[in-house]
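Q: Since the structure of chain A is provided, determine the placement of chain B on it from the hints.
Chains as they are written, first to last, in the working numbering: chain A, 16 to 128; chain B, 6 to 116.
Bear in mind the hints are in silico, worked out from the structure with no lab data behind them.
Do not take every clue at face value.
[To be verified] Listed below are the simulated DSS-like cross-link pairs for lysine-lysine, each with C-alpha atoms no more than 30 Å apart in a straight line:
(1) K84(B) <-> K80(A)
(2) K72(A) <-> K84(B)
(3) K33(A) <-> K47(B)
(4) K7(B) <-> K110(A)
(5) K47(B) <-> K72(A)
(6) K80(A) <-> K50(B)
(7) K80(A) <-> K110(A)
(8) K84(B) <-> K47(B)
(9) K32(A) <-> K47(B)
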Amino acid sequence: EAQVTQNPRYLITVTGKKLTVTCSQNMNHEYMSWYRQDPGLGLRQIYYSMNVEVTDKGDVPEGYKVSRKEKRNFPLILESPSPNQTSLYFCASRKTQSYNEQFFGPGTRLTVL
Amino acid sequence: RKEVEQDPGPFNVPEGATVAFNCTYSNSASQSFFWYRQDCRKEPKLLMSVYSSGNEDGRFTAQLNRASQYISLLIRDSKLSDSATYLCVVNIEGGGFKTIFGAGTRLFVKA
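Just chain A, with the same shape it has in the complex (with noise of 0.2 Å):
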């Protein structure tokens, strides 16, 4: 089944303890991205990366690192998270031309103490 999988669903954390979101998709995409939702602003756009090794930041990538090491994987990693970054995090990916519909994770709700 083709599918992006986030792990994990839910994650309540303390401030300043780092951690992981891993993203993985299974139908060798080329574009993934990461997203924040949050209660009136709709989905931000954190990072996306083209292909492997290449990443930018979309519009709100402060306090945010990712990695594209593998095709299939793209890890959002909080080094030093702060309660502004409790939301839920959308993972999704697409085949390289902007006209292609994004694939979306289940989400990840992460709190922050």
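A: Here is chain B on its own, set in the frame of chain A:
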């Protein structure tokens, strides 16, 4: 001003009604346009792509006006199952390859 703006909603309509959603975008490097549907904090799913010539998929019709930087979605004969949040989405090519979402418009269809 947000790069992609949608009607704030919510829209409350009876079954069988026709409802229209509007969206405007401001980035002239916008290349591809979509409507996604999101159910209750679940992942967004593609409803339809939007083309300059306009396109229809059953009860759903999408229109794009590049000159006015305006996108619309028309839902005819609304069903209870259409209740969801509708997201206007724009892919930008130029100075990066970003995706910009509108904040979404919530639709409630009532019996």
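Q: Hint by hint, say whether it matches the structure.
A: Verification of the supplied hints:
1. K84(B) <-> K80(A): violated (42 Å)
2. K72(A) <-> K84(B): violated (39 Å)
3. K33(A) <-> K47(B): holds (26 Å)
4. K7(B) <-> K110(A): holds (27 Å)
5. K47(B) <-> K72(A): Status holds; Cα separation ~24 Å.
6. K80(A) <-> K50(B): holds (26 Å)
7. K80(A) <-> K110(A): Holds, at about 22 Å.
8. K84(B) <-> K47(B): Given that 30 Å is the threshold and the Cα spacing comes to 20 Å, the pair holds.
9. K32(A) <-> K47(B): holds (27 Å)
Hints 1, 2 from the earlier list are contradicted by this structure; the remaining hints agree with it.
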